[in-house]
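Student: Protein chains in written order, with the numbering used here: chain V, 265 to 708; chain P, 265 to 708.
Keep in mind the hints are simulated off the structure, nothing from the lab.
Treat the hints loosely; a few may be bogus.
Repeated chains share a single entry, so a pair holds when one copy, or any two copies, can fit it.
Said to hold, decoys possible - Below are the DSS-like pairs computed for lysine-lysine, each with C-alpha atoms no more than 27 Å apart in a straight line:
#: 1; residue 1: K284; residue 2: K702
#: 2; residue 1: K474; residue 2: K535
#: 3; residue 1: K350; residue 2: K702
#: 4; residue 1: K697; residue 2: K284
#: 5; residue 1: K440; residue 2: K702
#: 6; residue 1: K440; residue 2: K697
#: 7; residue 1: K474; residue 2: K440
This structure is a prediction, so every number in the text was calculated from the model and none was measured.
There are 2 protein chains.
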Amino acid sequence: MRYDIAIYNGTIITVDDQFKIIENGLICVAADRIVRIGPMPGNGPLPDAKRTIDAEGGIILPGLVNTHTHLPMTLFRGLADDLPLKQWLEDVIFPAEAAHMTPENVRIGTSLACAEMMLSGTTTCCDGYFLEDEVAQTVADSGLRGVLGQGVMDFAAPGIGDPGDAIAVAERFAVKWRARSPLIRPSVFCHSLYACSAGTLTAAKRMADKHGLLFQIHVAETRTENENIREQHRTSPVGYLDRLGLIGPNCLLVHCVWIDDADMAVIAERKAAVSHNPESNMKLAAGIAPLTRMHTAGVTVGIGTDGCASNNTLDLFQAMDITAKLHKVHDMDSTAADARTIIRMATRDGARAIGMEAEIGSLEVGKKADLIIIDVRQPHLVPMYHPVSHAVYAAKGSDVNTVIIDGRLVIENSALVHLDMLEIMRRANSVAKIIAQKDIPQWS
Amino acid sequence: MRYDIAIYNGTIITVDDQFKIIENGLICVAADRIVRIGPMPGNGPLPDAKRTIDAEGGIILPGLVNTHTHLPMTLFRGLADDLPLKQWLEDVIFPAEAAHMTPENVRIGTSLACAEMMLSGTTTCCDGYFLEDEVAQTVADSGLRGVLGQGVMDFAAPGIGDPGDAIAVAERFAVKWRARSPLIRPSVFCHSLYACSAGTLTAAKRMADKHGLLFQIHVAETRTENENIREQHRTSPVGYLDRLGLIGPNCLLVHCVWIDDADMAVIAERKAAVSHNPESNMKLAAGIAPLTRMHTAGVTVGIGTDGCASNNTLDLFQAMDITAKLHKVHDMDSTAADARTIIRMATRDGARAIGMEAEIGSLEVGKKADLIIIDVRQPHLVPMYHPVSHAVYAAKGSDVNTVIIDGRLVIENSALVHLDMLEIMRRANSVAKIIAQKDIPQWS
Numbered sequence: 265m266r267y268d269i270a271i272y273n274g275t276i277i278t279v280d281d282q283f284k285i286i287e288n289g290l291i292c293v294a295a296d297r298i299v300r301i302g303p304m305p306g307n308g309p310l311p312d313a314k315r316t317i318d319a320e321g322g323i324i325l326p327g328l329v330n331t332h333t334h335l336p337m338t339l340f341r342g343l344a345d346d347l348p349l350k351q352w353l354e355d356v357i358f359p360a361e362a363a364h365m366t367p368e369n370v371r372i373g374t375s376l377a378c379a380e381m382m383l384s385g386t387t388t389c390c391d392g393y394f395l396e397d398e399v400a401q402t403v404a405d406s407g408l409r410g411v412l413g414q415g416v417m418d419f420a421a422p423g424i425g426d427p428g429d430a431i432a433v434a435e436r437f438a439v440k441w442r443a444r445s446p447l448i449r450p451s452v453f454c455h456s457l458y459a460c461s462a463g464t465l466t467a468a469k470r471m472a473d474k475h476g477l478l479f480q481i482h483v484a485e486t487r488t489e490n491e492n493i494r495e496q497h498r499t500s501p502v503g504y505l506d507r508l509g510l511i512g513p514n515c516l517l518v519h520c521v522w523i524d525d526a527d528m529a530v531i532a533e534r535k536a537a538v539s540h541n542p543e544s545n546m547k548l549a550a551g552i553a554p555l556t557r558m559h560t561a562g563v564t565v566g567i568g569t570d571g572c573a574s575n576n577t578l579d580l581f582q583a584m585d586i587t588a589k590l591h592k593v594h595d596m597d598s599t600a601a602d603a604r605t606i607i608r609m610a611t612r613d614g615a616r617a618i619g620m621e622a623e624i625g626s627l628e629v630g631k632k633a634d635l636i637i638i639d640v641r642q643p644h645l646v647p648m649y650h651p652v653s654h655a656v657y658a659a660k661g662s663d664v665n666t667v668i669i670d671g672r673l674v675i676e677n678s679a680l681v682h683l684d685m686l687e688i689m690r691r692a693n694s695v696a697k698i699i700a701q702k703d704i705p706q707w708s
Numbered sequence: 265m266r267y268d269i270a271i272y273n274g275t276i277i278t279v280d281d282q283f284k285i286i287e288n289g290l291i292c293v294a295a296d297r298i299v300r301i302g303p304m305p306g307n308g309p310l311p312d313a314k315r316t317i318d319a320e321g322g323i324i325l326p327g328l329v330n331t332h333t334h335l336p337m338t339l340f341r342g343l344a345d346d347l348p349l350k351q352w353l354e355d356v357i358f359p360a361e362a363a364h365m366t367p368e369n370v371r372i373g374t375s376l377a378c379a380e381m382m383l384s385g386t387t388t389c390c391d392g393y394f395l396e397d398e399v400a401q402t403v404a405d406s407g408l409r410g411v412l413g414q415g416v417m418d419f420a421a422p423g424i425g426d427p428g429d430a431i432a433v434a435e436r437f438a439v440k441w442r443a444r445s446p447l448i449r450p451s452v453f454c455h456s457l458y459a460c461s462a463g464t465l466t467a468a469k470r471m472a473d474k475h476g477l478l479f480q481i482h483v484a485e486t487r488t489e490n491e492n493i494r495e496q497h498r499t500s501p502v503g504y505l506d507r508l509g510l511i512g513p514n515c516l517l518v519h520c521v522w523i524d525d526a527d528m529a530v531i532a533e534r535k536a537a538v539s540h541n542p543e544s545n546m547k548l549a550a551g552i553a554p555l556t557r558m559h560t561a562g563v564t565v566g567i568g569t570d571g572c573a574s575n576n577t578l579d580l581f582q583a584m585d586i587t588a589k590l591h592k593v594h595d596m597d598s599t600a601a602d603a604r605t606i607i608r609m610a611t612r613d614g615a616r617a618i619g620m621e622a623e624i625g626s627l628e629v630g631k632k633a634d635l636i637i638i639d640v641r642q643p644h645l646v647p648m649y650h651p652v653s654h655a656v657y658a659a660k661g662s663d664v665n666t667v668i669i670d671g672r673l674v675i676e677n678s679a680l681v682h683l684d685m686l687e688i689m690r691r692a693n694s695v696a697k698i699i700a701q702k703d704i705p706q707w708s
């Protein structure tokens, strides 16, 4: 058979059940699927393919899965840092959103995020925001894969003047996007326990279940949230959600910093999953989620960057390195959060957490062709003893030189193939000039 | 006057006393010094210079100062990770050093480190290792600036068969290099309290004082070290050093994870400084140094990466970002370790910590021309509201496109000007092949 793409001369980290590593591997793609993977046959010619890609000794990984983003917020990258959380949110971020998150700016910020993510090796994101219809169109156009959640909360938000309409808007979004693009899966994103009433949470979850959607929610992010929920409801944030009957296999619980062993048991029992966002939790001083204990309890945990206003980068390679280091020192155990565990979190466990493990997250025959190549011909990637360690502790997002999503080459020679990067940046800078006129607090 | 170099069209973060930021700035260099700095004069022509550099809207920073390295250990990057500290050190690193750290391999590993550091914006390193004469020649040849400490301890080490010779070797090194290159300052590096007797420490410090050298030592890195010293000497590691009379203004105390308020008061009182190595301390699960309390106590703290066997990167941009985030979550205060503080630590405070603040660490007339330019024309650096925040939370080492050290352009268009990168990598890979034959533990 003639393949569409054949990739050779790289070390493949499959992230399959055996965590198989294939030196001098070969991967062949037909349409949007991986149809062959294994060692390069000795001495024979390359298989017949429309396009052959020489990985030049690099590392071939499943595309990374970012389990928590707010894509349009790239426009607020660095708008305010080093502030108390309440002041950051109420004095800067909320007013900036109210003033600037028009449909056009949502598209501009999203296209900037897609460019940044693809350039740094992310092939799938799980997003929650408002005006998500604009986000979805932009993500689909960019060539990135996304599980995209229209936001629901009991306050006005971009595109939702009357909060009473929020669930209807989310349902229309879900119906519109359920089969519109092979790259997009709709989802529902309830903001949080403090921004949604029990009625809203229940109605949104029921709608998610009806349409088979992923139900995302920020839970147990800050100490304040934990204390308030415990005071109001006499149980933990996770306990409260569970009492409402809302935790199930289609739930992605984002943050879970303030959870205890009973919460973890509930999450594992209900087969829900967690999105761990260490950089955001560190930068906003929310706390450190108990990763090792979640793993021991059998909870599936993916890695997220969170939005650009609270990180300030979408680079999952950086997130992998920090996740590993943070939990070693948090546990005071240098064997904690080892490189294999971290790679699995950023690929296969992330895919499972957002309900997509059947399609993506590992390099195996029959899965979608979402993969990346790390160019190791650089001083900071020499020498290479262990490709898995290398990918976590030495590689950076900028080392990704090739990205394929859904069988389509979107990054080649470290550059965007289909998108006009200069135009994307020019438009984002134009919006930022307007934002900067009124929203920058005294800072430095 | 005709300048050697004129740099224009960038935002300058001076890190001077006022932490002045100059938009659309101009810096002029004559020989090895900054001779002019300020806003670009309106409408006039560019000043006459042999070489003009357009920063293209980028951020111009003092070159970064890495206050703790073991340069040749790039050869062990990723050789062993995720192991218990004792096993990592005794089963892998020590045997690998004994077997492979020949003079030639020290040069090969050092040149790889110099390439990696310059490419990621570091212009000065403070190193401690053995066979430091080889390190010094390689650093000088590479064009990097270094304060380089010949190692002293009571055990055999590369180049020192009889530990009784260690101080004499260190003194010969100091005499040889005291005026040999404008880029190199010799130093003494006593390994640690557990590897050096009181007699060795005292004699090494006396020698350092006699020649006006920086005295470097690993102190209070691990819980075990802290407990052992307290049991043996009834005081803390810092207290023990001070009781020996060895803490003074020429002391760089590396790590200081396990220190208390009394220790900090001593360090501040003696005008010694600390090298903080958060990534190494996290990865080896040593602990978290009390950065904010050190600052409150008036201690000068620089940032270090530590050697590549325990990090595994020499990228100070990554170290800056992690330092900021780690201490916010450690203090549970999002205003801790703000971006200005972090930039100052990685430049001016680092320079002060290694005794070089008179020459480097800020962009001011009369200082050495050590500076870098961050290329902001990339999606992850758009938009830019605050250059200081941007440099800490958004920029990566790979975004540095221009580096000048001692008035000499060493990185241009993100590439090494004078060094053959492919040859450096080829030689390092050759050595690694031999190392890999016997020293790789079962790992993944």
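Student: Run every hint past the structure and note whether it holds.
Tutor: Structure-based check of each hint:
Taking the shortest alpha-carbon separations for K284 and K702, only the inter-copy value of 22 Å comes in at or below 27 Å, while the best intra-copy value is 53 Å. For a Cα distance limit of 27 Å, the shortest separation of K474 from K535 inside one copy, 18 Å, qualifies, whereas the shortest one across copies, 67 Å, does not. Within a single copy, K350 and K702 get their C-alpha atoms as close as 19 Å, which meets the 27 Å cut-off; across copies the closest is 55 Å, which misses it. When the C-alpha separation of K697 and K284 is checked against a cutoff of 27 Å, the pair qualifies only between copies, where the shortest distance is 22 Å, while the shortest distance within a copy is 49 Å.
For the homomeric pair K440 and K702, neither the shortest alpha-carbon distance inside one copy (36 Å) nor that between copies (59 Å) is at most 27 Å. With identical chains, the CA atoms of K440 and K697 are never at most 27 Å apart, being 34 Å at best within one copy and 56 Å at best between copies. In this assembly of identical chains, K474 and K440 lie within 27 Å of each other by CA distance solely inside one copy; the values are 15 Å within and 78 Å between copies.
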